[in-house]
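Participant: Each chain is listed here by its residues.
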Amino acid sequence: MIGINKQYVKSLLKEQIRQDGRKPDEFREIKIEYNVSEKSADGSAKVKLGDTEVIAGVKLEVGEPFPDNPDKGTIIVNSELLPLASPDFELGPPSIGSIELSRVVDRALRESKILDFKKLCIKEGEKVWLVFIDIYPINNAGNLFDACFLAALAALKSTRFPKYDEKNERIIYEERTSKKLPLEKNTPIECTVIKVGDTFLVDPTNEEEEVMDARLTIGILEDKKICAMQKGGDNSLSIEEILKMVDIAAKKIDHIRKAI
Amino acid sequence: MKYTKRFDKRKFDQLREMEAKVGVVKRADGSALFRIGKTIAIAAVYGPRALHPSHLRNPEKGILRCNYNMMSFSGSGERIRPGPSRRSKEINLIIQKALLPVLDLSPFPNTVVDIFIELTQTDSGTRCAGITAAALALADSGLPMTDLVASVSVGTVGDKVVVDLTKEEEDFEGGATDIPVAITPRNGKITLLQLDGNITKEDLKKALELAKKTCKEIHTLQVKALKEKYGGDKK
Amino acid sequence: MTLLIKDKDIVVPGEILAKGMDHLPAQGTSRENENIIALQLGLANINGRLIKVIALSGKYVPKFGDMVIGKIINITFSSWIVDVGYAYEANLSMKEATSDFIERGADLSQYFDYGDIITTKIVNVNKQKAIDLTMKGPGLRKLKGGRIIQVTPSKVPRIIGKQGSMISIVKEATNCQIIVGQNGRVWIQGEDPKKVRLAEEAIRKIDKESHKDGLTDEISRSLKEKKK
Chain L
2 MIGINKQYVK SLLKEQIRQD GRKPDEFREI KIEYNVSEKS ADGSAKVKLG
52 DTEVIAGVKL EVGEPFPDNP DKGTIIVNSE LLPLASPDFE LGPPSIGSIE
102 LSRVVDRALR ESKILDFKKL CIKEGEKVWL VFIDIYPINN AGNLFDACFL
152 AALAALKSTR FPKYDEKNER IIYEERTSKK LPLEKNTPIE CTVIKVGDTF
202 LVDPTNEEEE VMDARLTIGI LEDKKICAMQ KGGDNSLSIE EILKMVDIAA
252 KKIDHIRKAI
Chain H
395 MKYTKRFDKR KFDQLREMEA KVGVVKRADG SALFRIGKTI AIAAVYGPRA
445 LHPSHLRNPE KGILRCNYNM MSFSGSGERI RPGPSRRSKE INLIIQKALL
495 PVLDLSPFPN TVVDIFIELT QTDSGTRCAG ITAAALALAD SGLPMTDLVA
545 SVSVGTVGDK VVVDLTKEEE DFEGGATDIP VAITPRNGKI TLLQLDGNIT
595 KEDLKKALEL AKKTCKEIHT LQVKALKEKY GGDKK
Chain F
44 MTLLIKDKDI VVPGEILAKG MDHLPAQGTS RENENIIALQ LGLANINGRL
94 IKVIALSGKY VPKFGDMVIG KIINITFSSW IVDVGYAYEA NLSMKEATSD
144 FIERGADLSQ YFDYGDIITT KIVNVNKQKA IDLTMKGPGL RKLKGGRIIQ
194 VTPSKVPRII GKQGSMISIV KEATNCQIIV GQNGRVWIQG EDPKKVRLAE
244 EAIRKIDKES HKDGLTDEIS RSLKEKKK
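From first to last, the protein sequence lines are chains L, H and F.
Its first residue numbered 2, the first sequence is counted upward by one per residue in my numbering.
Its first residue numbered 395, the second sequence is counted upward by one per residue in my numbering.
Its first residue numbered 44, the third sequence is counted upward by one per residue in my numbering.
Please note that the accuracy of each hint is not assured.
[Claimed, not checked] Interface residues of chain F toward chain H, partial, derived using beta-carbon atoms under 7 Å:
{"hint": "1", "residue": "57"}
{"hint": "2", "residue": "83"}
{"hint": "3", "residue": "84"}
{"hint": "4", "residue": "101"}
{"hint": "5", "residue": "171"}
[Claimed, not checked] Using C-beta positions, here's what the derived DEER-type ranges look like:
{"hint": "6", "chain 1": "H", "residue 1": "487", "chain 2": "L", "residue 2": "240", "range": "51 to 57 Å"}
{"hint": "7", "chain 1": "H", "residue 1": "450", "chain 2": "L", "residue 2": "100", "range": "23 to 29 Å"}
{"hint": "8", "chain 1": "F", "residue 1": "148", "chain 2": "L", "residue 2": "242", "range": "42 to 48 Å"}
{"hint": "9", "chain 1": "L", "residue 1": "243", "chain 2": "H", "residue 2": "471", "range": "41 to 47 Å"}
{"hint": "10", "chain 1": "F", "residue 1": "258", "chain 2": "L", "residue 2": "173", "range": "53 to 59 Å"}
{"hint": "11", "chain 1": "H", "residue 1": "487", "chain 2": "L", "residue 2": "255", "range": "47 to 53 Å"}
{"hint": "12", "chain 1": "L", "residue 1": "96", "chain 2": "H", "residue 2": "449", "range": "19 to 25 Å"}
{"hint": "13", "chain 1": "F", "residue 1": "183", "chain 2": "L", "residue 2": "242", "range": "42 to 48 Å"}
{"hint": "14", "chain 1": "L", "residue 1": "65", "chain 2": "H", "residue 2": "471", "range": "18 to 24 Å"}
{"hint": "15", "chain 1": "L", "residue 1": "88", "chain 2": "H", "residue 2": "449", "range": "20 to 26 Å"}
{"hint": "16", "chain 1": "L", "residue 1": "65", "chain 2": "H", "residue 2": "610", "range": "52 to 58 Å"}
{"hint": "17", "chain 1": "H", "residue 1": "407", "chain 2": "L", "residue 2": "65", "range": "48 to 54 Å"}
{"hint": "18", "chain 1": "L", "residue 1": "255", "chain 2": "F", "residue 2": "237", "range": "26 to 32 Å"}
Don't read these hints as lab results, they were simulated from the structure.
Nothing here was measured: the structure is a model prediction, and the numbers come from that model.
Every residue, glycine too, gets a C-beta built ideally from N, C-alpha and C.
Put together the whole structure using the sequences plus the hints.
Facilitator: Here is the structure:
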């Protein structure tokens with residue numbers, strides 16, 4: 002039913018209101034629940050942005066480091082657009098949408114240096130911790146980028162190392178230690194701003210995403226520096242528009258951070 | 395070998411603590427969450443909808459497709475690699491067969507009803523939890539059904555016939571038999587039966603009777619969850 | 044010989060509604076030996092000896108004579124293909140679309156173009172659910188502008204209300220034009236987008252709370268409050 006609804010969304014925005022009654026720069030309620038898969042995952046969290054719901058889990062493994070980074074562990078971010086979460090998602094190998102989602106989350110986590118990969122080294126050149134972060138939308142009511150990033154971050158925060166038996170070189174998953182992941186202070190937050198006509202919106206619903214012209218996801222650190230970006234959508238943005246979107250995101254960051 | 399007391403102190407005919415909720419996935423046509431102990435299954439139903447590729451279409455009635463998946467972090471050991479495995483494909487099949495007997499898809503020729511089941515945390519009994527959740531999601535979606543389906547695993551641990559085995563019990567050193575069963579509660583008919591282990595015919599009979607009895611408890615919870623979505627039972 | 048439920052109880056598939064031969068199974072129920080059982084999640088409805096279940100969810104199943112809201116999604120040499128919200132598309136032939144004489148090879152998009160929204164009527168459904176539509180009949184036309192929302196098809200009668208009582212309340216309070224298709228698509232148009240939103244909110248509330256008593260009064264009250 003696209004097309005007929007775009008005009009309606011735009012006419013509402015002229016009055017500075019959205020279909021669900023929010024203002025353009027207003028987020029839906031953010032709810033975070035930690036350790037939702039405590040029995041199985043080393044870290045896990047569920048994030049709700051209004052009706053959008055995402056679950057993320059962390060599993061730690063021990064592996065060999067990359068030859069060019071012999072003293073560093075790493076993160077592996079994976080997301081899957083489960084057909085459970087939306088009539089528009091299909092079964093099969095990872096879609097291009099899920100690959101983009103994983104990579105955008107990965108970029109902000111990696112570039113923010115929230116996780117010092119050197120601290121994941123067990124024995125240089127031989128053994129390092131690998132941090133697998135798997136993210137699954139349960140219900141897609143829009144803004145999966147921000148919800149998935151928050152879920153990944155929250156899951157990392159709740160992660161505790163399982164016991165590692167060095168002698169037999171195996172992880173004893175049943176015995177989780179109290180040691181947490183060495184996370185740094187300067188936490189990044191991602192905020193997505195979309196453009197519909199002449200208006201900029203944060204935390205879009207799926208219906209708003211259907212009618213958007215362009216999208217910009219911005220990763221911002223606590224010191225307000227930008228650590229990652231991704232533009233999406235079919236239309237272009239001017240430099241002025243991009244700077245305006247960065248301003249809008251920067252203003253929302255503290256609000257989002259409070260939830261975590 | 396004697397099994398005198400259950401690891402988690404339950405009675406031999408006692409289920410783990412359960413939770414059921416309907417309508418948990420807003421975008422789906424029907425959905426439900428079912429938790430038994432630490433095993434959590436979420437099921438969503440989409441359809442009847444268009445079926446592709448078209449050679450799979452049945453002009454007499456709609457078809458049912460099930461997809462069971464354990465989230466990568468939901469296993470007890472290492473991370474599970476994403477994507478279907480031989481195990482999950484077999485489970486898809488037996489879940490479909492467990493649900494079809496109560497489902498009437500004849501009003502929807504050429505279409506498909508998709509059920510997606512995701513496990514977010516596991517501690518044995520995942521296929522049974524998946525079936526119980528899926529039956530709720532189907533009912534929630536408004537499809538015509540002659541009954542619900544409730545599912546539980548029964549079996550033997552050592553010398554005892556027990557219900558709802560945990561992982562620890564399945565691995566009992568004195569031997570264990572695991573029998574996942576699904577039952578239509580009103581008539582007590584069996585729609586899923588698998589067995590692996592070592593059991594006498596007498597114990598099998600006892601185990602199936604136990605399944606029938608305990609599935610009634612699961613069914614009571616299913617009915618409550620469905621009615622709760624609309625404000626609960628007024629009676 | 045006994046009725047096990049009351050009128051308007053929520054019932055679930057497989058639930059025994061009545062025992063004995065005193066009652067007769069109607070829509071959403073069936074007889075199994077001496078029991079009448081529910082086949083759907085819904086609201087029990089007892090009318091004399093008849094027991095039926097009014098569904099609270101479910102997809103649209105096309106029926107002869109239904110007025111539905113559709114969208115043109117394809118144009119062939121001699122017909123339009125229309126999405127009416129069922130799994131498969133419906134067909135609108137030239138003959139049923141207009142009384143105009145259309146020349147061979149004429150451009151059909153001058154009548155109905157891709158993306159056009161129409162109110163149309165089902166004139167034929169076969170066993171395999173192939174659907175034929177017509178534009179001949181009162182009120183069947185192309186809809187311009189406005190907004191479309193999807194509600195549960197089985198709740199359309201509730202949204203319309205007895206003799207249109209419910210939908211009239213919404214129309215009057217919001218000054219919107221509203222058309223409700225049997226396929227659960229609702230078209231809302233109004234000058235003031237805020238009022239369109241108000242109408243949408245009211246209709247979604249009726250959809251969600253259709254099983255509640257006294258809903259007409261509640262909708263009327265809440266619309267009056269919001270108007271202030």
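Participant: Take the shortest C-beta to C-beta distance between residue 171 (chain F) and chain H; is it under 7 Å?
Facilitator: Status holds, d = 5 Å.
Participant: Once the shortest beta carbon distance from residue 57 (chain F) to chain H is found, is it less than 7 Å?
Facilitator: holds, 3 Å
Participant: Confirm or reject the claim that residue 65 (chain L) and residue 471 (chain H) have a C-beta distance inside 18 to 24 Å.
Facilitator: This hint holds: roughly 20 Å between Cβ atoms.
Participant: Quick check on a hinted range of 41 to 47 Å for residue 243 (chain L) and residue 471 (chain H), using CB atoms only.
Facilitator: Distance hint for residue 243 (chain L), residue 471 (chain H) holds at roughly 46 Å.
Participant: Between the beta carbons of residue 407 (chain H) and residue 65 (chain L), is the distance compatible with 48 to 54 Å?
Facilitator: holds, 50 Å
Participant: Is 23 to 29 Å a correct range for the gap between the Cβ atoms of residue 450 (chain H) and residue 100 (chain L)?
Facilitator: holds, 28 Å
Participant: So the hint says 26 to 32 Å: do the beta-carbon atoms of residue 255 (chain L) and residue 237 (chain F) match that?
Facilitator: holds, 30 Å
Participant: Assuming the hint says 51 to 57 Å, is it satisfied by the Cβ distance from residue 487 (chain H) to residue 240 (chain L) or not?
Facilitator: Cβ of residue 487 (chain H) to Cβ of residue 240 (chain L): about 56 Å, so the range 51 to 57 Å holds.
Participant: Min Cβ distance, residue 83 (chain F) to chain H: is it shorter than 7 Å?
Facilitator: holds, 6 Å
Participant: 20 to 26 Å was suggested as the range; check whether the CB atoms of residue 88 (chain L) and residue 449 (chain H) agree with it.
Facilitator: Given range 20 to 26 Å: holds, Cβ gap about 22 Å.
Participant: Does the beta carbon distance between residue 96 (chain L) and residue 449 (chain H) stay inside 19 to 25 Å, or does it fall outside?
Facilitator: Once the Cβ atoms are compared, 24 Å apart, the range 19 to 25 Å for residue 449 (chain H) and residue 96 (chain L) holds.
Participant: At the C-beta level, are residue 65 (chain L) and residue 610 (chain H) separated by a distance inside 52 to 58 Å?
Facilitator: With a Cβ separation near 53 Å, residue 65 (chain L) and residue 610 (chain H) satisfy 52 to 58 Å, so the hint holds.
The structure meets every hint from the earlier list without exception.
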